[in-house]
Amino acid sequence: MIHGNKPLTKNLPALPIYLDYQATTPTDPRVVEAMLPYFTEQFGNPHSGHHAFGAAAAGAVETARAQVAALIGADPREIIFTSGATESNNLALAGVARFQRNLQGDRKTHLVTAATEHKCVLESAAQLEREGFAVTYLPVGRTGLIDLERLAAAITERTVLVSIMAVNNEIGVVQPLAEIGALCRARGVHFHTDAAQAVGKIPLDVEAMNIDLMSLSGHKIYGPKGIGALYVRRRPRVRLAPLFQGGGQERGLRSGTLPTPLCVGLGAACEIAMREMAPEADRLRRLAARLHQGVVRQLPDAYLNGDPGRRVPGNLNLGFPGIDGDRLIGELKDLAVSSGSACSSAALEPSYVLRALGLDEAQARASLRIGLGRFTTEAEVDYAVERLVAAVQRLRDGPPAAAIVPEGADAPSAPVAHR
Amino acid sequence: MDRAVYLDYNATAPARPAVIAAMARALALCGNPSSVHQFGRTARRQVEEARERVAALVHARPEQVTFTSGGTEANNLALTGTGRDRLVLSAIEHDSVLRAAPEAEILPVSTDGIVDLAALAEGLGRDPRPALLSVMLANNETGVIQPVAEAAEIARAHGALLHCDAVQAAGKVPLDITALGVDLLSLSAHKLGGPQGIGALVVGDDLALRPLLRGGGQERSRRAGTENVAAIVGFGVAAEEAAAELPAQGRIAQLRDRLERRVRETAPEARVFGAASPRLPNTSCFAWAGMPSETQVMALDLAGIAVSAGSACSSGKVRASHVLRAMGATVEEAGSAIRVSLGWRSTEVDIDRFIEAWSGLVTQRPNHRSDRSSAA
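Listed in order, the protein sequences are those of chains H and W.
Under our numbering, think of the first position of the first sequence as 386, with each following residue one higher.
Under our numbering, think of the first position of the second sequence as 37, with each following residue one higher.
If you're looking for bench data, these hints aren't it; they were derived computationally from the structure.
Everything hinted at is true.
Under 8 Å between C-beta atoms, here's a sample of chain H residues computed to sit facing chain W:
(1) Phe-438
(2) Gly-611
(3) Ile-612
(4) Gln-630
Partner residues are not named here, just some residues of chain H that face chain W (Cβ under 10 Å, in silico):
(5) Tyr-423
(6) Gly-469
(7) Lys-504
(8) Glu-508
(9) Pro-609
(10) Gly-633
(11) Pro-646
(12) Ile-714
(13) Ser-726
(14) Phe-760
Glycine residues also receive a C-beta, built at the ideal position from the N, C-alpha and C atoms.
Let's have the full structure, built from the sequences with the hints guiding it.
Right under this line is the structure:
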């Protein structure tokens, strides 16, 4: 439970209710507690190995590295700390592509990714296109899954990297990682997965899934913002051109002073996730089902975007025919939900992820992302159902005469037609 | 480690108590600044308030501040972002500048550690292509302050842009981006008592910048990635405190001068680098040829005193400092230099304990000293 204002009565949860766990998660108090000593007494630069302050920081960083590695079945030496998943994804795509072109010239200049990837993968791919690389953007089916046969057909002699996200940030769909990994391995192509939304929520194993590079983020798994990691396989070795040059930290792949407290926080978050993942996944599946069923019981035409079975626990993306999602959000003042990705450029356009599923613009705009997580309670879910249903019904019935004039920053500035 | 003496502030400074308190509060809140709901708007407000504080430290406007993951990223963004492919750097720049531009033209410095402005004017005039010049405000190893405003005039006369790595100078000397006349300025929070993992590139008006990290369009599309809210908050508090404490730098300078007096008393043959130049008040870098730097640093560590043999960054590898070599130091001289850097928590007791331990090293080595003088 994330506290906003005090609850009005004993039966009400504290408001507003945070239901946007795909945008960011609260930092677990246990994580903050683990971080604090590294701000105060153990504040050294982890690269100052020649004195006790630096050595203590370096030791903490290495413990964190091992905690991150353990969660995904990697060796600690395969973990590169970054400032977050955006940097990890930029480093994975540009790093592999540029290194291989430097090594092999024009023989390796093709990448494969999917239309529903996070903006930072798509924008990295677009930049590589400007640098002369070719990129295939795989479509997805109505459920949001890629087609393995299309992937197999897209890989050519020139392909250097396949980048397919583990879990989509808007619709929560889990891609068939093991199958993609096996296919890439058989074809001799590196496989990168953006696992920012997957790590700590579903079991991941870089060995069993033949993953060569994996991006992860602290603030999506109850760790701090500003820290993430890129897993880079050692055997067979994946080589990268770094994005940041300088002091040569992180084996030369990522220069810059490592932020010890943030590394410690990411490690602690991974350690907690590893221990609590299975029971927490069950709990979140039950809560999400409760929310979904509660809504559909009263709004039978509401539908779920994305595959109903192959999705991460805690994500719901619901469509409400005829409703404008942003308007709906405006009605849900005490529920923090979103109409899609939180990225600043995404706010005004309908979701390209939902459009890629085959939804038309109106359908894409009629959708709401609800993210449940570690601190979500049953009482919050029940309250959310009540408010959500009431808001949709209110919008469908048309506003009462007094409410036609928009009020507040969140109200639409133009009149909306009601059918 | 409460009895240990920390004199390695140029590597990283302990976070200020107000910074830690503000960050702990920020970490207890949840919200992505790009989210439109109340949690997101609260996070956004925190980021923008901190941006104002960081901007105030360098007398810039908030919208000129782009937050990065630290000084290294800020320097890399500056050097790659302007699209200029002719790069001119001073020989004493930090590795995150030098290595980001491996094909750059390098400007020499004097034996006092100051960039050669005549060489700059001559170099810029030799080639008509518009250049990007990078000159740091103060060197991280010697603390020598560079004539950046003069370099800016020369750069402007030749149509060059000027980037200034102010990572070590910020919070130690007054900073005004307009008075300096620079187009791009790098900052790092953890050098001034803020958290590690956050920095900024301050960008002049109307300068288009190509991003290094692409994605969600944060930071006016100059730097993608969810903003590191708690660290940004901490950076803001540190910037404000550091700016307010600038007058207290006089105390730091007195401590540093006391240290250097005692060093000279103990070993009159020691060379203090940049002693004749304007320097940061907190930094002292000196060579005493009786013992390799690494040995001195390790012996001091055993005595509970943390100093360094130069830059902290170079992944454990021991090399002769490129900064000291550029100032004309011999390999032996550079290899026997140590850097002592003070900060907001340093006291007279720290200096006395350093001197006590370091004098012990010097006086224990009479043979070395006589060997050295007979060899000289």
